[in-house]
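S.K.: Position chain B against the provided structure of chain A, taking the given hints into account.
Chains as they are written, first to last, in this note's numbering: chain A, 1 to 247; chain B, 1 to 268.
No wet-lab data here; the hints were simulated from the structure. Quantities reported herein were computed from a predicted structural model and do not represent experimental measurements. Built from N, CA and C at the ideal position, the CB exists for glycine as well. Heads up, some of the hints might be wrong.
Unchecked claim - Label pairs and their computed distance ranges (CB to CB):
1. B/N92 with A/S152: 18 to 24 Å
2. B/E5 with A/Y125: 17 to 23 Å
3. B/Y180 with A/K148: 24 to 30 Å
4. A/P146 with B/P236: 49 to 55 Å
5. A/K148 with B/R263: 46 to 52 Å
6. A/P146 with B/R263: 54 to 60 Å
7. A/N24 with B/P145: 49 to 55 Å
8. A/K148 with B/G59: 50 to 56 Å
9. B/N92 with A/K193: 35 to 41 Å
10. A/N217 with B/Y180: 52 to 58 Å
11. A/Q128 with B/L30: 33 to 39 Å
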Amino acid sequence: MEQPAILVEDVSMMFHMNNEKIDNLKEYVIRVLKRKMQYTEFWALRNVSFAVQPGERLGVLGFNGAGKSTLLKIIAGVMKPTKGKVEIRGVVAPLLELGAGFDMNYSGRENIFLYGATMGFSRSYVRQRYDEIIAFSELKDFIDAPVKNYSSGMRARLGFSIATAVEPEVLIVDEVLSVGDAKFKAKSEAKIKGMFDQGVTVLFVSHNTAQVRSLCNKAILLEKGGILAQGEVNQVCDIYDGMVKRK
Amino acid sequence: MFFRELYNYRYLLREIVAKNIKIQYRNSVLGIFWTFLQPLLTTLVLVFIFGYLWGRDSGEDIVNYPIYLLCGRLLYEFYSQSTKRAMRSVTNSASVIKKVKVPKYIYPLSNVISNFITFLISLLVLAGFALFFFLTKNDPPRITPYALLFPAPLLILFLLCTGIGLILSSLAVFFKDIEYLYDVFCMLLFYFTPILYAPRQLGGNRVLHMALMANPLYSILEMFRDCVLRGQLLNPNHLFYSLGFSLAVLLIGGILFWKKQDRFILYI
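Okay, chain A solo, but in the shape it has when bound (with noise of 0.2 Å):
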């Protein structure tokens, strides 16, 4: 059997919820002295595990609150779960807040090159890019004007632009379907259905079966934390809308 391109292994995620948030010297020193230092623990995920083959497109489904952007985090990289372990094979886009690396001051342009190398690619590699990137943004006119000029959707357009560009392996998309005006979100859902085409493995968050449905194969469907239901995804996204009409 070959590998998995995303493998979750009974991995935890636990919040210290305070009462209040103390994010200074001074309280911290008071709460010491007073020995008031109480936590209540949060676990946003509980014991998760699940395996992505590479090709396999998963729907992740949940209510909010149910850890799905906890969930989407780990696997990202960006948090460290508390208990259990993540592995990943292959070149990571994740699609979860566009644009989030862009400096503002910067210059579109300027921004293609910092954005990569956020993701770890090479000028050479970038500068290879570049056009396709541009063009596909659709803003020649204004890749020298600083970004703090851009406006929201100009902004997802570029980010969007950018990370879909490395040609990925594994691609984790947050909704962000939705970037920009009808014609560009035409244009950006082909570009994301030509990758699914050339065999990415994908993790896609949803709160719209109707989406999952048509763009995914398998599904998970989170509560509270833990897995509910995993399994095809038209099973796991009947399981869902039960719930929803039931509320």
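M.R.: Coordinates of chain B only, in the frame set by chain A:
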């Protein structure tokens, strides 16, 4: 493992260093000339005021007051600017760190490096001053082959700033008010380092001298002045003390940062 990761992210390091330098001077009319102008103007002001008070008392240790003062100013400015910027670097990059997997130490490190580069450029002002006094034969600095040793104190200073930067940047994630405390600390440090005065001018107070000797910035500064101003071999005691101190700080900073970095995301 650490070095392989750093190697993999060398492009990011370079991009951020370049960005810091570019952004700092982009919106000013004179651009990179501020690197020269700022120390030049502040030194002129300080020479004008303190040179009048103490400068005429130039002995073996001061040689030439404007250059003596400029050495101190430049090194102190680099120390305070780079550590302050490094301190804010992690919290300022919150939007990236929260969304993209990236080695976090890149941020304090790149801020120290970019400040080091502008600091090296500003050393040209020092060279200009030295040349001026050399040509006018007015208390000329003693330029000898020992001047070539000047990179040694600067590299030690770089290590010190990186270590302090790592410590401050991880503390600033958890305690926002550390910034204000550090500003006050830097102001104290300015007066506790012989920048405007020579240690001998403090008189015979033993406690004051002990405090001065414990200050690694003092050792580094004295070594630098030995090289470029007094034309003598740098004091080995200063060398060992400041190198040991800086490496210890770097080690502490590295361990602290490494241990706390996974929790940054929960606080920024």
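S.K.: So, for every hint listed, does it hold in this structure?
M.R.: Quick rundown of the hints versus the structure:
Checking the proposed 18 to 24 Å range against B/N92 and A/S152 shows it holds: the Cβ atoms sit about 21 Å from each other. A C-beta distance of roughly 18 Å is found between B/E5 and A/Y125, which places it inside the suggested range of 17 to 23 Å. At about 28 Å, the beta-carbon gap between B/Y180 and A/K148 stays in the expected band of 24 to 30 Å. Checked against the hint of 49 to 55 Å, the pair A/P146 and B/P236 passes, with Cβ atoms roughly 51 Å apart.
Checked against the hint of 46 to 52 Å, the C-beta distance between A/K148 and B/R263 comes to roughly 31 Å, which is inconsistent with it. Taking the beta carbon of each, A/P146 and B/R263 are about 33 Å apart, not inside 54 to 60 Å as hinted. At about 52 Å, the beta-carbon gap between A/N24 and B/P145 stays in the expected band of 49 to 55 Å. The hinted window of 50 to 56 Å between A/K148 and B/G59 holds, with their beta carbons roughly 54 Å apart.
At roughly 37 Å, the beta-carbon separation of B/N92 and A/K193 lies within the given 35 to 41 Å, and the hint holds. The hinted window of 52 to 58 Å between A/N217 and B/Y180 holds, with their beta carbons roughly 55 Å apart. For the pair A/Q128 and B/L30, the beta carbons lie near 37 Å from each other, so the given range of 33 to 39 Å is met.
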